[in-house]
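Trainee: What follows is the residue order along each chain.
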Amino acid sequence: MDVVINGEHKHIRGGTLLEVLEELELDPRAVVVEHNRKIVRRPALSEVTVATGDAIELVHFVGGG
Amino acid sequence: MTTAVETIRDEPLTIGGRTFQSRLMVGTGKYPDMDTMVHAIEASGAEVVTVAVRRVNLDRSKESSVLHFLDPKKIFLLANTAGCYTAADAIRYARLAREAGFNDFVKLEVIGDEETLLPDVAGLLEAAKVLVQEGFKVLAYTNEDLVTALRLEDAGCAAVMPLASPIGSGLGLLNPFSVRTIKRRLHVPVIVDAGVGTASDACVTMEQGVDGILMNTAIAAAQDPVAMAHAMRLATIAGRAAFLAGRMQRREVAMPSSPTKGMLD
Numbered sequence: 001m002d003v004v005i006n007g008e009h010k011h012i013r014g015g016t017l018l019e020v021l022e023e024l025e026l027d028p029r030a031v032v033v034e035h036n037r038k039i040v041r042r043p044a045l046s047e048v049t050v051a052t053g054d055a056i057e058l059v060h061f062v063g064g065g
Numbered sequence: 001m002t003t004a005v006e007t008i009r010d011e012p013l014t015i016g017g018r019t020f021q022s023r024l025m026v027g028t029g030k031y032p033d034m035d036t037m038v039h040a041i042e043a044s045g046a047e048v049v050t051v052a053v054r055r056v057n058l059d060r061s062k063e064s065s066v067l068h069f070l071d072p073k074k075i076f077l078l079a080n081t082a083g084c085y086t087a088a089d090a091i092r093y094a095r096l097a098r099e100a101g102f103n104d105f106v107k108l109e110v111i112g113d114e115e116t117l118l119p120d121v122a123g124l125l126e127a128a129k130v131l132v133q134e135g136f137k138v139l140a141y142t143n144e145d146l147v148t149a150l151r152l153e154d155a156g157c158a159a160v161m162p163l164a165s166p167i168g169s170g171l172g173l174l175n176p177f178s179v180r181t182i183k184r185r186l187h188v189p190v191i192v193d194a195g196v197g198t199a200s201d202a203c204v205t206m207e208q209g210v211d212g213i214l215m216n217t218a219i220a221a222a223q224d225p226v227a228m229a230h231a232m233r234l235a236t237i238a239g240r241a242a243f244l245a246g247r248m249q250r251r252e253v254a255m256p257s258s259p260t261k262g263m264l265d
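Here the protein sequences line up with chains E and C, keeping their order. Using this note's numbering, the first residue of the first sequence is number 1, and each one after it goes up by one. Using this note's numbering, the first residue of the second sequence is number 1, and each one after it goes up by one.
Since the hints were made in silico from the structure, they are not lab data. Certain hints may be false.
[As the list claims (entries may be wrong)] Listed next, the in silico DSS-like pairs over lysine-lysine satisfying Cα-Cα at most 30 Å (straight line): (1) K73(C) x K30(C); (2) K10(E) x K129(C); (3) K129(C) x K38(E); (4) K137(C) x K183(C); (5) K74(C) x K30(C); (6) K38(E) x K183(C); (7) K38(E) x K10(E); (8) K129(C) x K261(C); (9) K261(C) x K183(C).
[To be verified] Covered stretches of chain E (chain C as the covering partner; in silico rule of three or more C-beta atoms under 8 Å from a C-beta of chain C): (10) 3-14; (11) 23-36; (12) 58-64.
[Unchecked claim] Some chain C residues flagged as far from chain E (calculated, every beta-carbon gap over 10 Å): (13) E11; (14) S65; (15) F76; (16) G101; (17) E115; (18) V130; (19) T181; (20) A199; (21) S200; (22) L244; (23) G262.
For every residue, glycine included, the Cβ atom is placed at its ideal position computed from N, Cα and C.
Next comes chain C alone, as it looks inside the complex (with noise of 0.2 Å):
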């Protein structure tokens, strides 16, 4: 199935250098098979795909790493440092990354707190002035906090991803004020990352008038997550087109579509 996109003129997304031309990022966690995730990511048209970094299985030493599923000349792969509560460990993370040799772009996690897994932002802000000086592109993943998305972008962070809301959750956009806000005041692409649950939470989101949209589980725990993947590309695209568009002005009284002159005595 095609979607009539040709109508949209649009700008590619631009991160640290490179250009993609889907809004739309993916992760690979929690998919019930490699099978199903590797159809999930072509059926989103994403090339930005996220993977973590663990301990080798030294007990199952022919176990697979993700890698072996995905191809790493078609796909962007954008290594996180999910897991990390300190800006130490998120460093030594990053670093393990980037010699896997691929590229230097890492999506920065630093938690703070494990019910919700939201971001330690001043951790957050120590790791990613570390990385940057090391030549990293950091993708920060924060909250929807304004200032301190500022702060990043004056760290040289080469994207800034606040949350939709908390990791996993599915609850969708809770705060889309903030999100246009830091999207108007930065100039680095602002990426909404994290919180989306179904097709019209990226719609929403993308309509706020983000560069892009990251997600995971929406995806991966959807119960078709293959026709999930593919809804959320159509979302993203629509969310955008719509952006694009100009929105009509919200007015609190009814206005008739349809003439009011000529009417019938």
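Just chain E, same shape as in the assembly (with noise of 0.2 Å):
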């Protein structure tokens, strides 16, 4: 399915919000995962089917003053 993840336009197999970061290869502890502008915790990622067109933020913590 089609979804936008971080901005970009992305092809993938699709199912739960952890079965993307599967996918992506993702430690779901290391990233936090924004759904259709909405934070998805941690526990709820196995919970929340993606669909297509949804958009998908995944944001970790950088370098920053």
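Could you fit the two chains together into a complex? Lean on the hints.
Mentor: Structure follows, in structure tokens:
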């Protein structure tokens, strides 16, 4: 399915948000997930299913002042 | 190398219910490499370390976040909302940062101008009110305007962070009078954030009586960041000690230090 992840159009297998992270080889403990502008807490990642056209933001901490 | 600080009687710094021994806080941006950053933070003695929230790089999914190099058990991670130009964006970034699960502190920045990176105080106040309502401990990056500082305190901010000079400028403390006035009038901690260029700037800033100082570029962009971090640590301690000691009165005329009596005929 086609979704937008971090502003980029991506074709992914889909499934739950947890499965999307696995597909992207991202550690769910190391990222914070926003799904269609709504933060999804870690325990709920396996409960939210991704649909075509969804916007997903995956963020983490980087160096900053 | 140790520093003789045992003669200083000082209270620890408490912000939003958390107590810190070091009055120097440092950023994690712009270092030449992560190893230098880790050693510089260690040399600075800082307990509070700022980080930014950004998108994960999907093309290099193995790329480590800054947390790979920092132990959140040893240091206190203070997420910022750097790069946000509206209250809504800053609120969004703060919520994402809190979800990372370390603490509910946020260094709130709402920038109003790209060239100077000076804060948008209207947006800042708006965001501060919302985030305080949501239970955040807000440390608000602001300019050296007393009235804005008072409003931020009224809004429930845990600390107010006036700038010394624009972010990354290294111009030092441009307006000591205003920073002193803010410190005198506020009850919450006042942490000067941004603009320090070298150790004397940190020292002069701390001599104004503020509760702490936060810097990033002055250390990260020094020729030797680790050595500069050490210098900043000493300067922060020296400035605080001088403030507590109470400086002598300035006078416009000289006064001899040696006795005027007992001179030879």
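Trainee: Against this structure, judge whether each hint is valid.
Mentor: Status of the hints after comparison with the structure:
1. K73(C) x K30(C): Within the cut-off at roughly 23 Å; holds.
2. K10(E) x K129(C): The given pair, whose Cα atoms are some 37 Å apart, is violated under the 30 Å limit.
3. K129(C) x K38(E): Measuring from Cα to Cα gives roughly 20 Å; hence the hint holds.
4. K137(C) x K183(C): Holds - the C-alpha atoms of K183(C) and K137(C) are around 19 Å apart, at most 30 Å.
5. K74(C) x K30(C): 22 Å, holds
6. K38(E) x K183(C): Given that 30 Å is the threshold and the Cα spacing comes to 38 Å, the pair is violated.
7. K38(E) x K10(E): This hinted pair holds, its Cα atoms lying about 19 Å apart.
8. K129(C) x K261(C): Distance ~65 Å between K129(C) and K261(C) Cα, so the pair is violated.
9. K261(C) x K183(C): 43 Å, violated
10. 3-14: holds (count 5)
11. 23-36: The restraint on the stretch 23-36 of chain E holds, since 7 of its residues have a Cβ under 8 Å from chain C and three suffice.
12. 58-64: holds (count 7)
13. E11: 26 Å, holds
14. S65: Violated, since 4 Å does not exceed 10 Å.
15. F76: Non-interface label on F76(C) holds, nearest chain E Cβ at 13 Å vs cutoff 10 Å.
16. G101: 8 Å, violated
17. E115: 18 Å, holds
18. V130: 15 Å, holds
19. T181: The claim holds: T181(C) sits with its nearest Cβ about 25 Å from chain E, beyond 10 Å.
20. A199: 18 Å, holds
21. S200: 20 Å, holds
22. L244: 28 Å, holds
23. G262: Non-interface label on G262(C) holds, nearest chain E Cβ at 57 Å vs cutoff 10 Å.
Violated hints for the displayed structure, listed by number in ascending order: 2, 6, 8, 9, 14, 16.
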